[in-house]
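Undergrad: Here is what each chain is made of, one letter per residue.
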Amino acid sequence: MKFNKLAIAAAVCSSLTSPVYAGSELETLLMLLHENGTISNEQYQRVLSEAKANQKTVMDEKKEMQSALDQATKVEFNVSKGGLRMKDREGNFAMKIGGRLQLDSAWYGEDSDASGSQLGDGTEVRRARIYVQGKMYKDWGYKLQYDFTGTGNKGIKDAYLTYTGLKNLELKAGNFKDPFMLQEQTSSKHVTFTERSLPDAFAAGRHIGLMASTKHQHWTAAAALFGDSVSTASKSEDEGWGAAGRLTYAPINEKGRVLHLGLASNYRTASADDSVQFKQQAETHVSGVSIVNTGNITNVDSTLKTGLELAAVAGPFSTQIEYIRTDVERTGTDLAFDGWYAEAAYFLTGETRTYKKGKFAGIKPNRYVGQNGMGAWQLAARYSTINLNDEDIDGGEADSLTLGVNWFPNPVLRFSANYVQVLDIKGGAHNNEEPSVFQLRGQWAF
Amino acid sequence: MKFNKLAIAAAVCSSLTSPVYAGSELETLLMLLHENGTISNEQYQRVLSEAKANQKTVMDEKKEMQSALDQATKVEFNVSKGGLRMKDREGNFAMKIGGRLQLDSAWYGEDSDASGSQLGDGTEVRRARIYVQGKMYKDWGYKLQYDFTGTGNKGIKDAYLTYTGLKNLELKAGNFKDPFMLQEQTSSKHVTFTERSLPDAFAAGRHIGLMASTKHQHWTAAAALFGDSVSTASKSEDEGWGAAGRLTYAPINEKGRVLHLGLASNYRTASADDSVQFKQQAETHVSGVSIVNTGNITNVDSTLKTGLELAAVAGPFSTQIEYIRTDVERTGTDLAFDGWYAEAAYFLTGETRTYKKGKFAGIKPNRYVGQNGMGAWQLAARYSTINLNDEDIDGGEADSLTLGVNWFPNPVLRFSANYVQVLDIKGGAHNNEEPSVFQLRGQWAF
Amino acid sequence: MKFNKLAIAAAVCSSLTSPVYAGSELETLLMLLHENGTISNEQYQRVLSEAKANQKTVMDEKKEMQSALDQATKVEFNVSKGGLRMKDREGNFAMKIGGRLQLDSAWYGEDSDASGSQLGDGTEVRRARIYVQGKMYKDWGYKLQYDFTGTGNKGIKDAYLTYTGLKNLELKAGNFKDPFMLQEQTSSKHVTFTERSLPDAFAAGRHIGLMASTKHQHWTAAAALFGDSVSTASKSEDEGWGAAGRLTYAPINEKGRVLHLGLASNYRTASADDSVQFKQQAETHVSGVSIVNTGNITNVDSTLKTGLELAAVAGPFSTQIEYIRTDVERTGTDLAFDGWYAEAAYFLTGETRTYKKGKFAGIKPNRYVGQNGMGAWQLAARYSTINLNDEDIDGGEADSLTLGVNWFPNPVLRFSANYVQVLDIKGGAHNNEEPSVFQLRGQWAF
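Chains as they are written, first to last, in the numbering used here: chain A, 14 to 459; chain B, 14 to 459; chain C, 14 to 459.
Heads up, a few of these hints could be off.
Where chains are identical, the list cannot tell them apart; a pair therefore holds if satisfied intra-copy or between any two copies.
Claimed, not checked - In silico SDA-like pairs for lysine to any residue, Cα to Cα no more than 20 Å straight-line: (1) K202 to T175; (2) K109 to E89; (3) K185 to K369; (4) K109 to Y150; (5) K248 to Q434; (6) K370 to L182; (7) K100 to F90; (8) K87 to E404; (9) K109 to S201; (10) K370 to A349.
Think of the hints as simulated: they come from the structure by calculation, not from any bench.
Turn these sequences into a full structure, and let the hints guide you.
TA: Here it is in structure tokens:
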């Protein structure tokens, strides 16, 4: 039940000063009885004064109650979405306390003739986060999110301040994700598979910086300037810096029907040691083994990443395609790496993927488990490929096929099973290997 | 004051539609005066319509107030137990935010002829935890607890999801304690002494896994399957895994009178490097020195731990005894280590130890400090022993006597003083040493 | 609106039992009409009993509403200061959840003939903290604060328990700041410049200990006994310990007019390895380079620090001066280092610096941004100097001039720009360098 307290407060207050009030009918009757001569003048005055006195008592009581009620409804709370959400009546302040837990278990199958290091079966707390997020003085926002699986400042995720006092423009300062790649913009709790696709090797990640963005029904634009990541300690040399921009256009954007196009660019100078590295696991994280890996590329000036995005939703069906190319400028010959993926998913239970402001959001099942429902069930498939071979760099080229099933008992919970078959690896330390992955995840997030 | 809001809401709402309503007596009087001819038809109608109009105003006001009140009582809050607890009126959602702080200071005494390394006096934040815990959609629960004294994912303690939608059966997935040893099942904030006894070297700890458990007035049972601990990163070899079960039987279980019997078993394969180690400090943690220590035992296949538990409460008196045996299967001769302890405690102030669902819970003093009371005072003594000598392993055998006094000013606070005298160490690096420990702890926990 | 719920509850409850009640006037009229013979005895009884029945219904409804209201106002909430604050009606329990984020960006300029290591430009999350703080059972308090930029227990900041049940005396146990130096007592979110002055090399920091303090309008006193810091793990040698005391006297202490004098002393034995080190960056933290640095001073027995404080506020103008001397007792010749700073600041927008209990507190702008205001604007200048040269120790002597501007859009936010010019370095690894610093900070704190 959505409930407008201001309206109530106004209604309640106006009724206090209304000329008609409860009990006035008795005074009218008294007056008539007096006029009729049924009661004497003295009797009339006696009852009338008692009525007036009582009226005052009633009014005072009501006022006190309304004051208390006013106080009690000053802050509105909600725990019905898992975390704690609160906001003040006037809409100037709000606060959320929430978290995320992802529990993974993975089993690996490999060719017997594999020459490289093996993938080790195991379990993992993939992400364990808490955050506080809020709004203050109407136009300002903040967020501080920490992932306990990280060590020290490597666990700092979103940590920023926003200003939204300008029409349709958000200014953001702090540590947050570069506006790059659709699968990165979409939260890890909402991506279709347990792990993002192979070209996530080119993900830009989070940096400390400034971003201006504008978001509309049919398009979004973001431009940002970044320093280095939180965990980079500048010492005797300057840290790296970067610039990023992303444009999205959604000619169709309504519930259950979406067409999304995106274009993003990400420039970054090399960090203090003038090196970069690209590597990627087999769409799994429990094992720490990267199946493709450029190793440390030295003498690097800068990298320029370009991303193309295409996504569509048609009722229970959704698809998403991205191509990423990374150009590495270095002393000597420049390098270029790239990769792409295409995924499709289908809700057996009729839900539709939610698209908001240039990225995908969470799933709300049509019927929850425990409320005469079986939650939402989704099937998904993905092909992804990455090429880290270029010039003298023999990082390897890999492609993989992933099948997944997701079960959302309610909006807070998610269980996923993924099967990944690496189809081929050409070059690199894992040349000709074809590992497979079976992975389970349990997740709560709010 | 426990307060049933649903009942109130029902009562309030039913009164709205009640055929008898405040003010109806005036209408009755009007009717009678009209019948008696005291007032004219016109006068009757005039006052009646005014009464009706006022009645409507009163009803509208009441409805608005009740709506606001309904909103204000949608979530019920409680800060009177230290942390923040909230739950929605319908019982579908709940959330707690709490924490624990343990501050230790320790002084060590030693034989002058001690040959090994010395124990260093000092202070320590023993545990500094916060957690969020909750219930959602009635049948699901979650917890995320972090200990800031740990580094990175080593600080992740309870991190799990539960399902309680099945009758008398709880399913739990995530990171949580193996169901093994009574002194481990009992929270560190509720154990009798500042540190657990010597055989805690055999504690199973927390692992990522799945557990089914059932809890009854007179018995509990739990069976679980585990992967490795959170902080174990699988790489090129499979992580270890384990299976655990625990049965408890309480033929007597009423307030102030408890008899508890327990039997538990814990199997675990060795981690990737095929080694295990058992070691234990002198029932203290400030100094990092272990008085018994097997060192790294290599070529290990698996360990099997067996635990026997006996505990009783009789009014202010309580006692607890455990025996643990650990069998190590390895290439070559297998090994067996064991240990046991017996403790007894007595409340001078008349409280009784609380037993719930196969383990001990917290103390609520009869009279709080600041409310005409002196809190709860408890005296305790413990004998414990552990033997880590077997075959080629010379880990040492030790036994110690511990005396303790606990003061609980209120249900949130606890202050403890412990004196530990190690009676003898046979074998190992600390052979023939007899260190003593004096330790103070201040604790808040909610 | 400050709102006394107890008074309301009392008023509401007393009105329930009042002999005059709403509706009594009708009974009086009935009685008169009966006496006049206008209505019959039977009619009188009928209406009267209906009135009585209705009266009871009204009373019951009111009682239910008041019970619900009582429940709804049991805990009072406030989110209008940024974080979440709550307290129970009786004043026995309270809880705050809050945090702090400081985002820094720094650029460094240096002499071309600088011989030492360079300062590297960069960005940084300077502090990212959350805390829970509360009151329980009226006389007890607690706080647990963690800084996510620290690793493991190095991130533990305030972690303590307090007892305030004694008149004008606070007892504190746990991890908290030594009572030493005005610029250290003043929170990092409230100090005038982004970083504290050069003599902060002598800051005592936080240790685990016990403190008794008393705070009055015109003076404060604190005495404390400490073990070592949280992150010091005692092993085979005893940890260091310390004793500290601080006296402040404020002959003038009213809003807008303050004169503060302070004297503090801090004794500490050397840690297990018998060494101490003093070093300081150029009033910046992004670069990790210390411009003065004693290196490891060995064979140290103890240090004794002495601090003198002087501060004044006159309307928008404020000033603050401190001198610190550190005596190092060691095998061989003893050492003495010292330093001082003087700063002055002025609010262009008319605010005044808030002084409370021997230290400075936060700024509340006269007019907030977004509420017809431009926030508070403050200009500040500081000279500071430190001498780490003595005997065989060639740590360097440095002095610097700092200019700053602070903008406080509202009580939660702060943006600062600082320019630091190191005037000269004599001795040490950075002899004759004159680096400069330009630093920006964005901060939210509540």
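Undergrad: Hint by hint, note whether the structure agrees.
TA: Do the hints match the structure? See the list:
1. K202 to T175: between (23 Å within a copy, 19 Å between copies)
2. K109 to E89: Result: close both inside a copy and across copies, 12 Å intra and 17 Å inter.
3. K185 to K369: Only inside one copy: K185 and K369 sit 18 Å apart there, 34 Å across copies, limit 20 Å.
4. K109 to Y150: Both: 15 Å inside a copy, 19 Å across copies.
5. K248 to Q434: between (43 Å within a copy, 19 Å between copies)
6. K370 to L182: within (13 Å within a copy, 43 Å between copies)
7. K100 to F90: both (7 Å within a copy, 10 Å between copies)
8. K87 to E404: neither (65 Å within a copy, 65 Å between copies)
9. K109 to S201: The answer is within: 19 Å in one copy meets 20 Å, while 25 Å across copies does not.
10. K370 to A349: neither (31 Å within a copy, 62 Å between copies)
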